[in-house]
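Each protein sequence line maps, in turn, to chains A, B, C and D.
Mapping the first sequence onto my numbering, position 65 (from 1) lands on 58, and the numbers just tick up by one.
Mapping the second sequence onto my numbering, position 6 (from 1) lands on -1, and the numbers just tick up by one.
Mapping the third sequence onto my numbering, position 14 (from 1) lands on 7, and the numbers just tick up by one.
Mapping the fourth sequence onto my numbering, position 44 (from 1) lands on 37, and the numbers just tick up by one.
No lab work stands behind these hints, which were simulated from the structure alone.
The structure presented is a predicted model; accordingly, all values stated were derived computationally and were not measured.
Treat each hint with caution, since some may be false.
As the list makes no split between identical chains, a pair holds if one copy fits it or if it spans any two.
What the hints assert, rightly or not - Straight-line distance between alpha carbons at most 20 Å, and here's what the computed EDC-like set of lysine to aspartate or glutamate pairs gives:
1. K205 to E164
2. K38 to E49
3. K205 to E172
4. K205 to E180
5. K48 to E115
6. K38 to E134
One-letter residues, chain by chain:
4 protein chains.
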Amino acid sequence: MHIAAKSQHDTTADTIIDAASEVFADKGYEGARVDELARAAGVNKATLYYQIGDKEAVYHAVITRVLARTADEVCAAVAEVDECEEKIRRFINIFARNAGNMRYAAPIMLREVASGGRNLPESAIAEMGRLLGALGEALREGERSGLFRPVNEFMVHMMIVGSLMLYSANEPIRRRNAERHPEIYNEQHFISNEEAGEQVTDLVLAAIANNKQ
Amino acid sequence: MHIAAKSQHDTTADTIIDAASEVFADKGYEGARVDELARAAGVNKATLYYQIGDKEAVYHAVITRVLARTADEVCAAVAEVDECEEKIRRFINIFARNAGNMRYAAPIMLREVASGGRNLPESAIAEMGRLLGALGEALREGERSGLFRPVNEFMVHMMIVGSLMLYSANEPIRRRNAERHPEIYNEQHFISNEEAGEQVTDLVLAAIANNKQ
Amino acid sequence: MHIAAKSQHDTTADTIIDAASEVFADKGYEGARVDELARAAGVNKATLYYQIGDKEAVYHAVITRVLARTADEVCAAVAEVDECEEKIRRFINIFARNAGNMRYAAPIMLREVASGGRNLPESAIAEMGRLLGALGEALREGERSGLFRPVNEFMVHMMIVGSLMLYSANEPIRRRNAERHPEIYNEQHFISNEEAGEQVTDLVLAAIANNKQ
Amino acid sequence: MHIAAKSQHDTTADTIIDAASEVFADKGYEGARVDELARAAGVNKATLYYQIGDKEAVYHAVITRVLARTADEVCAAVAEVDECEEKIRRFINIFARNAGNMRYAAPIMLREVASGGRNLPESAIAEMGRLLGALGEALREGERSGLFRPVNEFMVHMMIVGSLMLYSANEPIRRRNAERHPEIYNEQHFISNEEAGEQVTDLVLAAIANNKQ
DNA sequence: TATGAATGAGTGTTCATTCAT
DNA sequence: GATGAATGAACACTCATTCAT
């Protein structure tokens, strides 16, 4: 079994988008500098323009890719299992990862939400629909089977995504806060993202469980 | 003859900070322009510098005020009642409001989280501690009384704050999405912020309820 | 009679437009650099933007002023006399000057003509109408009085303006040509602009004279 | 076996120069983009460099060709007839055409004049001499024969060339002006280039006619 | 205290040119 | 010969900040 010759002949455009994902995640659209995007990708600034276009085009490429990958990962994971509770577990698990693609998705989406989606391209909209759909299906299935109680699907979505994106993204703030106020912070605040996912799973499943016999 | 009690204690600095709250909430730190801050406050740009200082100083003033007010509102509301379930209700209720001070708090904090709190002043840290404390106390009290089960306090905090800030801030995105994909969106996605608060209350209380008799 | 305290308190904007007239006349719109415009005016580039606007706005200000002055000079000179032949003389005399305002008018207008007036602002159009009107009136008057024969006014206009703008503007080329081909060039090619004006006057008056007794 | 007489002697370089003539005529040297020159010629940008050289080399090739053709056309037309008045007619007729080669000659030369011939290559100088010579000969011949009066040859040259280049090139401006100020413009302003040539012929011959018996 | 004007240091973008294939 | 890709050097324009009044 070969480890995959992946990213062996990544095109220049791919290299740029990869590097830009990191920069935009870190600095935001307005805070990122085109010079920085180019430097991070190891290409000349003019090459960036030649390959992709202006700053906005690079951003769109980044957000499109990040959201598409997120939706792909979620849909694939959810589709792998039949049981609706397991679907929820997997859905949450994807969002709990603060590595790879997800490392960029959280900060980018938080900022997009904050600015009313001013820079969200059309393509992004569709991907968000896929995410919503994957969760909604699981919830409706569980409701039909009597496992879950009827709830506002979208609010459950907000809860999962909101809590996990917030938790993973605010790590630097937590660390700073803990330094200043060690009396308030304890090990509860510094569980791994995987553990955070498990906690959220536990809370969410309890929240939607159908306790009526 | 008194000069009129006009602008009683709305100093120029206050006017500037109020206007800046709106601009920073809308555009973010990097996206806001000093010209815009001055124009929004109806003062000359040099006056802004004279009264408060540079862009960063204005931002710090804004975030300090917004967080202080949020913590004040939460603490006051929670302190008014004794019952721990009611404390939770009130805590959530504050965050569910997307008006007044809260209108600025959500986008500003989402962006701060996204950027690792790069621009958070020291003062902000303390206010966040007060918020955490108010919720934690209620949870611990409920746990002691057997009403709530033991949970990761911080994760519950993330859930409440994350879901409500996400819901209230992403309204423009939902509207756009709904226009493009009417088949996915329904009235569940467009409940008022107050109703959203009630949904979250319901879900959270179910999530932490101690069902073991 | 005081020599006029003119240009004593020229505004910054005026200084910029004056300097820009020279640069645009010399280099053309595309050839001029904004840095150069600022340097020529002795102001910071940002001041130029603050006072007037972008490159196009500066160009419009220049062309508007240059054409307005040209039309003013022509109309004033023509209005001073009653006799139609004298009006023609004066009209030509203005265009023959390659100094002051006229030094800029010729190259700027030649380039505008060459590019189909792509950058001509609306205001310029009106000034060109005033010029046309001044000459046309004189020609029609002369025709009525039997002094001039009926001719295509506009073509006479083209002749006067074309020959004089061409002559005054192509001096550097003539000088270069004369250096390379001294056998072709003689003193006829290097008369002063005033003399050139007289030659054109002589030729034009002969061209339109009514020789029929 | 010959590879077919395809594109008989329209080499790639020729194609490029033809296309470049149009672009430079339209936009000027500074306004033209190398990308545009290549696209207009239907070749790759690097091919343009390989075939001709840098932007300046392309421009020189264009101006050299355009001036050479103009001089060729003028000299051939003038040489075809003996009578000096007819020579003048033909000289003017060439310049009156706003088609083919002449379509490029007028705007290119107007801009060159405006910029003091900054980009004129040596070769261009010689061609201009040929033009001057052709007209001068006709004028001197007419003067000797008593048909024309003594005039400044060069000024007559300026008149002919100036009026015709100005008229043909400023058509777009006339059209725009006429739209805005229909009261000033009439059919006199919109005669064909051929008619304009006849008008100029009429005026010039009247201007230089020897009326002394 | 308030402000119009001025400015140094960026900041996104373009362009002529070169290079590897 | 021909071309897609790459790039250094400009270039137009912006922005946070300061200063004279």
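Hint-by-hint comparison with the structure:
no.: 1; hint: K205 to E164; in the structure: neither (38 Å within a copy, 34 Å between copies)
no.: 2; hint: K38 to E49; in the structure: within (14 Å within a copy, 26 Å between copies)
no.: 3; hint: K205 to E172; in the structure: neither (45 Å within a copy, 37 Å between copies)
no.: 4; hint: K205 to E180; in the structure: neither (35 Å within a copy, 26 Å between copies)
no.: 5; hint: K48 to E115; in the structure: within (17 Å within a copy, 33 Å between copies)
no.: 6; hint: K38 to E134; in the structure: neither (50 Å within a copy, 58 Å between copies)
Violated hints for the displayed structure, listed by number in ascending order: 1, 3, 4, 6.
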